[in-house]
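> Sequence:
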Amino acid sequence: MAFRKIRLKPPLSLIVVVLFGAILASLHLMSNATQDSSQLGEIYSKLLLINTLGSILLLALVVANVVWLVKQLRRRAAGSALTARMVFLFLLLTLTPASIVFYYSMMFLQRSIDSWFDVRIDQAMDDALKLGQAAIDERIRAVVKQTEQGAKQLEQASLSEMALLLDEIRGASEESDLTVFSKQGRIIASSSPQPSLMIPDLPDAVVLLQVKPGKTFTALEPGPGGHLQVRALASLADDSAYFLQAVHPLPLRLSQLAETVESAYIQIKELGFLRNSLKQSFSLTLSLVLLLSLLAAIWVAFISIRRLVAPVRHLAQGTRAVAEGRYEQRLPVKQRDELGFLVESFNTMTASLSQARDEAHRSRMEVERQRAYLETVLANLSSGVLSFDAKLRILTANHATDSILHATLSRSVGLSMSAIEVRHPHLADLLRVVEKHLSATRSGVWQEDVTLPGPHGNQELLCRGTHLFRPDGAWQGAVLVLDDVTALLQAQRQAAWSEVARRLAHEIKNPLTPIQLSAERLKLKLGPTLGEAEASFLERSTRTIVQQVEAMKTMVNAFAEYARPAVAQMQRVELNGLIEEVVA
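This note's numbering puts the sequence shown at residues 260 to 843.
Note that these hints are calculated values from the structure, not bench results. Possibly wrong hints are sitting among the right ones.
As the list claims (entries may be wrong) - Below, computed lysine-lysine pairings styled on BS3-like, alpha-carbon distance capped at 30 Å:
| no. | residue 1 | residue 2 |
| --- | --- | --- |
| 1 | Lys471 | Lys411 |
| 2 | Lys474 | Lys404 |
| 3 | Lys442 | Lys474 |
| 4 | Lys330 | Lys593 |
| 5 | Lys404 | Lys389 |
| 6 | Lys389 | Lys471 |
| 7 | Lys650 | Lys695 |
| 8 | Lys812 | Lys784 |
| 9 | Lys411 | Lys330 |
| 10 | Lys330 | Lys389 |
| 11 | Lys330 | Lys404 |
| 12 | Lys442 | Lys411 |
| 13 | Lys782 | Lys812 |
| 14 | Lys442 | Lys471 |
| 15 | Lys593 | Lys650 |
Unchecked claim - Label-pair ranges, simulated between beta-carbon atoms:
| no. | residue 1 | residue 2 | range |
| --- | --- | --- | --- |
| 16 | Glu521 | Pro356 | 31 to 37 Å |
| 17 | Gly673 | Leu567 | 17 to 23 Å |
| 18 | Glu618 | Leu834 | 38 to 44 Å |
| 19 | Glu618 | Leu747 | 44 to 50 Å |
| 20 | Pro714 | Val805 | 47 to 53 Å |
Every residue, glycine too, gets a C-beta built ideally from N, C-alpha and C.
Turn these sequences into a full structure, and let the hints steer you where they fit.
Now the structure itself:
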């Protein structure tokens with residue numbers, strides 16, 4: 260997700276300028292009102308409200324920018340991390356000196372205002388008030404201790420014995436009124452140093468609810484006669500329904516001194532009200548100045564940094580586009596500084612990359628065309644072609660290889676010779692021959708005949724190989740061409756036997772005719788001169804010779820027919836179609 264182009268529209272910029280002007284004016288008026296106490300109560304609250312609203316608006320602007328930056332970081336937008344880092348550094352560089360100045364300014368302000376008044380009186384009054392409170396607290400702790408001890412003594416007593424025990428317990432403190440009563444407010448027993456007190460002063464139901472098992476409730480309250488008294492309540496047991504109340508009046512002198520110190524303390528505080536107001540006013544004004552300054556600085560920092568990072572952001576977007584393969588990306592050059600030079604260099608680089616990519620694409624397409632042509636040629640060759648790498652593993656094998664060797668070597672690319680021998684054991688002799696030549700002197704072209712067992716008998720193969728070398732002379736593999744010459748050898752044998760038959764027929768046929776003619780001439784010449792028996796014998800002999808000569812002629816003619824080449828049958832051929840079929 261790319262950054263949006265950040266520009267303040269004219270209405271928004273006007274509103275921001277008016278807001279800054281109003282905040283500065285209100286801060287100036289607050290400073291004047293703080294110095295003039297007559298105006299402090301009249302316009303200070305209004306100015307404080309105006310500055311608070313201004314702070315809220317600035318805070319809203321800052322929060323909006325922070326939210327926007329967080330969204331960009333989550334989307335991994337270009338330039339978002341750099342913007343966040345620069346904003347953080349700006350805040351660190353701004354907050355550190357501002358905090359130091361604010362701290363020492365507040366210290367100087369407090370000490371300056373304290374120097375206008377005698378702060379030792381305030382300290383003395385505070386100490387006197389604390390001393391009175393400490394004395395009263397000591398009295399309260401004593402009453403609590405006595406009440407808890409009395410409650411423990413009454414835990415095992417019956418209701419009839421409680422009245423006698425109360426008098427004994429009150430003997431330790433004759434000024435306390437002791438009363439035992441139930442949760443319902445029924446008085447069980449009471450003991451008081453004042454005989455005229457007929458009905459003890461019981462606490463309210465709200466006070467009873469505050470009494471916890473194992474805890475003692477105490478309260479300092481005004482008593483009759485204008486002096487103070489301590490009321491202490493304790494339960495007789497953790498689950499008891501009865502309470503022991505002790506009402507102990509404080510000494511009149513202690514009550515009067517406490518009231519006097521408290522009144523004087525209140526008067527001193529009233530007199531020091533103006534000092535605290537000034538402190539609070541100056542502190543609040545200084546805090547508002549710091550807060551508004553920081554918020555305004557942070558907001559301006561966001562706007563400035565986003566504009567400053569814009570060229571870097573464009574570079575990041577362009578780099579991402581280049582990484583995705585879009586080399587036609589061009590960035591706008593709006594600055595004539597170092598960043599502008601960097602953008603121009605990026606555009607030059609992308610142009611060079613685009614040109615190099617196009618050239619590489621054309622080269623790759625040419626290589627693909629050559630490879631496709633080579634694959635087509637190899638696929639239509641009747642000879643098997645195998646190539647090996649430097650580790651004697653199969654790189655390529657055409658379909659003719661599979662047909663000749665009766666093995667799927669085209670699917671065994673990457674296998675070593677030992678693995679191929681395991682898959683196709685009938686190729687063991689061929690693989691040993693190939694390995695022998697490839698492992699020996701790697702120079703020149705070699706050729707060897709190999710006989711392999713085939714599905715229809717032995718198969719004669721003509722193997723021719725050559726070595727492949729890199730431009731630096733390093734050996735990188737070899738190419739092996741296989742031809743099945745079984746049919747060729749059979750044809751050669753058949754041609755040889757045909758020639759033998761032709762020559763043998765010629766040599767046999769030449770003496771047959773003279774032999775037949777000689778036998779017929781003997782019969783013709785000697786027949787009339789011989790007797791009947793001899794003439795019959797001669798007739799049979801010559802007939803046998805003639806018959807055997809005819810039989811041999813028949814056999815010789817058969818040899819001659821075997822040696823005679825086949826009769827060619829001429830027919831019309833479409834040369835264009837034949838050439839296209841061969842080329843395809």
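> Check each numbered hint against the structure and report the violated ones by number, ascending.
9, 10, 11, 15, 16, 17
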